[in-house]
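J.: Residue numbers (full-length UniProt numbering), protein chains in the order written: chain A, 1 to 376; chain B, 1 to 376.
In case anyone wonders, no lab produced these hints; they're calculated from the structure. Do not rely on the hints blindly, as some may be mistaken.
No copy is singled out in the list; a pair is fine if it fits within one copy or between any two copies.
[Said to hold, decoys possible] Derived pair list, reagent style DSS-like, types lysine-lysine, alpha-carbon separation capped at 30 Å: (1) 71 with 54; (2) 345 with 71; (3) 373 with 319; (4) 54 with 319; (5) 167 with 257.
Number of protein chains: 2
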Amino acid sequence: MMNQPLSIRFLLACLLLSLGRLAGAQPPGSPPVVSPQVNTDNTVTFRLLAPAAKDVKLNAQFEKAPVAMTKDARGVWSVTTGPVKPDMYPYSFTVDGISVADPKNSSIFPNEGFQNSLVEITGSPPLVHTIQNVPHGTVSYQFYTSPELGQRPVVVYTPPGYETDTKTTYPVLYLLHGTTDLEETWTKVGRANIILDNLISQGKAKPMVIVMPYGRAFPVISKSSGSLRNWDNLQAFKKDFLGNLMPFVEKNYRVRKDKDSRAIAGFSGGGGETLYLGLNNPDLFSWVCGFAPGMLKEEFERNNATAFANPALTNQRLKLFWIGVGKEDMLYPVINDYLKVLDDKKIKHETLISDGGHTWMNCKLYLSTIAQKLFR
Amino acid sequence: MMNQPLSIRFLLACLLLSLGRLAGAQPPGSPPVVSPQVNTDNTVTFRLLAPAAKDVKLNAQFEKAPVAMTKDARGVWSVTTGPVKPDMYPYSFTVDGISVADPKNSSIFPNEGFQNSLVEITGSPPLVHTIQNVPHGTVSYQFYTSPELGQRPVVVYTPPGYETDTKTTYPVLYLLHGTTDLEETWTKVGRANIILDNLISQGKAKPMVIVMPYGRAFPVISKSSGSLRNWDNLQAFKKDFLGNLMPFVEKNYRVRKDKDSRAIAGFSGGGGETLYLGLNNPDLFSWVCGFAPGMLKEEFERNNATAFANPALTNQRLKLFWIGVGKEDMLYPVINDYLKVLDDKKIKHETLISDGGHTWMNCKLYLSTIAQKLFR
Numbered sequence: 001m002m003n004q005p006l007s008i009r010f011l012l013a014c015l016l017l018s019l020g021r022l023a024g025a026q027p028p029g030s031p032p033v034v035s036p037q038v039n040t041d042n043t044v045t046f047r048l049l050a051p052a053a054k055d056v057k058l059n060a061q062f063e064k065a066p067v068a069m070t071k072d073a074r075g076v077w078s079v080t081t082g083p084v085k086p087d088m089y090p091y092s093f094t095v096d097g098i099s100v101a102d103p104k105n106s107s108i109f110p111n112e113g114f115q116n117s118l119v120e121i122t123g124s125p126p127l128v129h130t131i132q133n134v135p136h137g138t139v140s141y142q143f144y145t146s147p148e149l150g151q152r153p154v155v156v157y158t159p160p161g162y163e164t165d166t167k168t169t170y171p172v173l174y175l176l177h178g179t180t181d182l183e184e185t186w187t188k189v190g191r192a193n194i195i196l197d198n199l200i201s202q203g204k205a206k207p208m209v210i211v212m213p214y215g216r217a218f219p220v221i222s223k224s225s226g227s228l229r230n231w232d233n234l235q236a237f238k239k240d241f242l243g244n245l246m247p248f249v250e251k252n253y254r255v256r257k258d259k260d261s262r263a264i265a266g267f268s269g270g271g272g273e274t275l276y277l278g279l280n281n282p283d284l285f286s287w288v289c290g291f292a293p294g295m296l297k298e299e300f301e302r303n304n305a306t307a308f309a310n311p312a313l314t315n316q317r318l319k320l321f322w323i324g325v326g327k328e329d330m331l332y333p334v335i336n337d338y339l340k341v342l343d344d345k346k347i348k349h350e351t352l353i354s355d356g357g358h359t360w361m362n363c364k365l366y367l368s369t370i371a372q373k374l375f376r
Numbered sequence: 001m002m003n004q005p006l007s008i009r010f011l012l013a014c015l016l017l018s019l020g021r022l023a024g025a026q027p028p029g030s031p032p033v034v035s036p037q038v039n040t041d042n043t044v045t046f047r048l049l050a051p052a053a054k055d056v057k058l059n060a061q062f063e064k065a066p067v068a069m070t071k072d073a074r075g076v077w078s079v080t081t082g083p084v085k086p087d088m089y090p091y092s093f094t095v096d097g098i099s100v101a102d103p104k105n106s107s108i109f110p111n112e113g114f115q116n117s118l119v120e121i122t123g124s125p126p127l128v129h130t131i132q133n134v135p136h137g138t139v140s141y142q143f144y145t146s147p148e149l150g151q152r153p154v155v156v157y158t159p160p161g162y163e164t165d166t167k168t169t170y171p172v173l174y175l176l177h178g179t180t181d182l183e184e185t186w187t188k189v190g191r192a193n194i195i196l197d198n199l200i201s202q203g204k205a206k207p208m209v210i211v212m213p214y215g216r217a218f219p220v221i222s223k224s225s226g227s228l229r230n231w232d233n234l235q236a237f238k239k240d241f242l243g244n245l246m247p248f249v250e251k252n253y254r255v256r257k258d259k260d261s262r263a264i265a266g267f268s269g270g271g272g273e274t275l276y277l278g279l280n281n282p283d284l285f286s287w288v289c290g291f292a293p294g295m296l297k298e299e300f301e302r303n304n305a306t307a308f309a310n311p312a313l314t315n316q317r318l319k320l321f322w323i324g325v326g327k328e329d330m331l332y333p334v335i336n337d338y339l340k341v342l343d344d345k346k347i348k349h350e351t352l353i354s355d356g357g358h359t360w361m362n363c364k365l366y367l368s369t370i371a372q373k374l375f376r
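Please model the entire structure based on the sequences and the hints provided.
T.: Quick look at the structure:
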């Protein structure tokens with residue numbers, strides 16, 4: 001609301017310094033550092049103001065290795081890469097050995113273990129996860145209560161029309177994030193809401209509610225002691241999921257409560273949770289989808305006990321058992337072993353063996369694939 | 001879902017490296033770096049793994065100046081500060097001149113201009129912004145459409161009971177963030193939803209809908225050319241606010257549409273927008289609240305034209321005209337000048353001159369103060 005170029009620049013610099021105490025803030029009067037800048041040829045220019053740094057590299061998930069950046073006379077490091085295949089990618093900078101998110105980019109990867117920024121290269125025609133002018137669903141942040149774990153965050157997607165079609169009930173997809181991710185990662189990095197908005201508007205997916213809880217009982221490894229991890233965490237999460245989360249959802253949302261109207265899917269550590277919860281609770285879920293699901297070979301029998309005990313009944317109970325994984329994913333070998341066990345036991349399943357690795361680019365592909373299969 | 005300590009540690013390290021390419025990730029087997037750690041005496045320990053760094057400082061908004069951190073043999077820099085007065089504070093580290101958020105803390109300050117982390121020191125009894133086991137409202141992320149500006153994000157708080165009391169209509173508070181903030185800043189840093197949950201549960205605030213749009217027409221200064229700034233931005237934002245946002249809210253939410261049921265409030269740059277929109281649209285808003293509102297003395301007349309033209313009518317129209325500012329705020333002198341002009345013109349107003357500066361700690365105080373006055 002101020003139009004004096006000099007005074008406003010000075011005042012804004014004061015505000016930034018006061019609010020953020022931003023080391024490396026540009027002095028008043030210097031041109032702004034813009035990063036990332038997606039160019040018309042789909043190359044991307046990244047910039048970082050770091051006059052004192054000796055070495056700055058770009059780590060982008062569309063590059064196979066870190067990319068060196070070069071410094072100009074002002075101390076702005078930059079590099080232009082690509083053309084980049086349209087998608088949304090995580091990236092960070094390494095500044096003298098320290099990993100930092102891009103301070104000029106407010107689009108952040110929600111995570112407990114690292115901090116990355118996100119860059120979107122839009123395509124033409126728009127990709128399935130591109131925000132478009134179609135009817136949008138609502139993404140709601142809620143809390144539910146666990147007697148043991150306290151106030152638990154969950155993000156819920158309701159499809160377009162949910163608020164007005166108040167007689168309609170919907171099928172529900174429980175969608176779990178990976179280890180170190182957060183309840184926001186599926187919307188902010190996986191664009192689950194946008195993918196469903198677009199597929200629903202094209203008639204390619206059934207309107208559904210998507211429930212994205214914080215997918216661990218206890219905070220990630222960096223915050224918890226050894227005894228709170230892994231099997232203990234999975235048991236406590238199962239208890240919370242079945243005892244608190246599902247009742248909260250079924251009380252507060254107009255979701256259908258039959259097993260054919262319930263799906264569960266998840267990525268990485270959340271994919272492991274998905275298979276464990278889905279395959280061992282056949283009365284609850286008819287649709288079970290693992291996206292590069294985390295697993296260990298020595299735990300196949302334990303984690304798949306119900307399904308392995310009666311493959312014929314498992315096949316009868318499940319409408320879809322789906323596994324997606326990238327050929328470059330470090331979990332590909334163990335998942336491949338798992339798929340062979342499923343074949344041996346004649347447990348029906350569909351697979352999508354994609355290009356790429358253990359990435360959220362693949363997560364978006366997998367979600368947009370299974371969303372078109374669910375509840376049909 | 002894995003309980004082999006060595007293999008899972010290795011696999012998780014691989015996952016972290018694959019997902020985040022996290023420079024400085026701790027090697028498998030080393031104890032986790034926990035940061036921040038709030039101790040029982042309300043001191044706080046901050047830690048950062050940065051073996052190659054030469055100088056690391058803590059910048060915390062409860063400290064007057066940066067605090068030196070010291071390095072241990074593993075390369076973990078740390079410092080313990082306080083005891084700290086219970087509140088939620090932004091902080092960052094400066095590593096060899098580069099400002100970084102805390103990579104072990106997933107609680108991030110949403111902002112276009114800098115990246116800070118948040119640390120909460122809870123009090124006893126709990127503070128007004130502490131998440132408690134009370135009925136919670138819903139925080140919804142929505143898009144509305146601007147013909148000129150495209151798909152626009154807005155965050156909407158609906159109070160507990162909104163979904164079930166479907167005959168009830170609610171008063172509405174439009175709540176604007178500061179320059180460089182985002183539509184999420186009022187919930188994630190200002191805890192607007194939690195403050196209202198707590199005040200409503202205690203009967204101290206009326207149930208209300210709170211609308212928190214992205215508070216600019218154009219992205220913040222760092223992303224826009226000179227011509228898109230300031231007055232042009234304010235005019236374009238006003239057009240979007242009145243022409244797109246308010247109609248979207250009134251169509252999609254059960255809000256009352258009389259001026260006595262509409263309030264507007266905002267912080268810093270959003271406080272300037274608040275006064276401009278609120279005081280020049282007296283048929284729309286009966287409640288106008290500025291939190292350290294951004295203003296320039298040479299713009300007093302222009303930005304307050306309607307109110308200054310007829311003080312008596314202004315007093316008649318407004319049920320509350322409220323200004324809060326901290327004595328250490330760099331805007332305190334100009335706001336003080338503005339308050340003298342209001343006195344001279346006999347325009348009625350309430351003030352809260354608090355301790356502290358241009359901070360979100362004060363924003364929480366101001367919101368919790370005015371929330372108890374609105375719609376009474």
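J.: Checking each numbered hint in turn, tell me which of them this model violates, lowest number first.
T.: Numbers 2, 4 - these are the hints that the structure violates, sorted from lowest upward.
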